[in-house]
Amino acid sequence: MNKQRIISLIDQLNIYLSELKEHIPKKFQEYSKNIEKKRFCERTLQLMIEVCIDISQLLVKELKLGLPAEEENLFDKLEEAKVLSEEMKLKLKEMKKFRNVLIHRYTKVDDSLVYENAVKNIKDFIEFKKEILSFLKEQKPQDN
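Numbering (my numbering), first residue to last: 3 to 146.
Rather than coming from a laboratory, the hints here were simulated on the basis of the structure.
There's no promise every hint is true.
Stated by the list, open to error - Result set (DSBU-like, lysine-lysine): computed pairs, CA atoms no more than 35 Å apart in a straight line:
{"#": "1", "residue 1": "142", "residue 2": "110"}
{"#": "2", "residue 1": "29", "residue 2": "84"}
{"#": "3", "residue 1": "99", "residue 2": "39"}
{"#": "4", "residue 1": "28", "residue 2": "95"}
{"#": "5", "residue 1": "79", "residue 2": "131"}
{"#": "6", "residue 1": "110", "residue 2": "66"}
{"#": "7", "residue 1": "95", "residue 2": "84"}
{"#": "8", "residue 1": "122", "residue 2": "132"}
{"#": "9", "residue 1": "91", "residue 2": "28"}
Using the sequences plus the hints, can you model the full thing?
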């Protein structure tokens, strides 16, 4: 397993987490009035979600869990393989839906939803990291 590549992606996630924490305004009113902050948060959340998807894709490939029918099935496969908890699988599916809204702008992006994700749901990225690192620690050295 290419643990180093996964760790590298986790490092990138850490950078995005740190940047988001540093730049997110304390109050929604400040956020909603500042176009640069809004775009920064939207883009950073998008990148963070994409890193989680990239890590998931890499793990599915490395663990030879088969080709997912759809991108969402990545998370199902990882939960079935006991890499992720069911709760995390569901959170990742929601993250992916949110990323699609950010990228494709299906509807006008709701500033309050972005702000909530940037402030309250940031813990989900931290939990994802913990679950992945815990799984990697359980892997035997010869699986490297």
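Hint check:
At roughly 47 Å between alpha-carbon atoms, residue 142 and residue 110 are farther apart than 35 Å, so this suggested pair is violated. Between residue 29 and residue 84, the direct Cα distance comes to roughly 38 Å. Violation of the 35 Å bound is thereby established for this hinted pair. A hinted pair counts as satisfied when its Cα atoms are at most 35 Å apart, and residue 99 with residue 39 qualifies at roughly 22 Å. Between the alpha carbons of residue 28 and residue 95 the distance comes to roughly 27 Å, so the proposed pair stays at or under 35 Å and holds.
For a cut-off of 35 Å, the pair hint linking residue 79 to residue 131 stands: about 17 Å separates their Cα positions. Distance hint between residue 110 and residue 66 is unfulfilled; the C-alpha atoms sit about 39 Å from each other, more than 35 Å. Between the alpha carbons of residue 95 and residue 84 the distance comes to roughly 16 Å, so the proposed pair stays at or under 35 Å and holds. Proximity of residue 122 to residue 132 is assessed by CA-CA distance (about 17 Å); at most 35 Å being required, the pair is judged to hold.
Proximity of residue 91 to residue 28 is assessed by CA-CA distance (about 29 Å); at most 35 Å being required, the pair is judged to hold.
Violated hints for the displayed structure, listed by number in ascending order: 1, 2 and 6.
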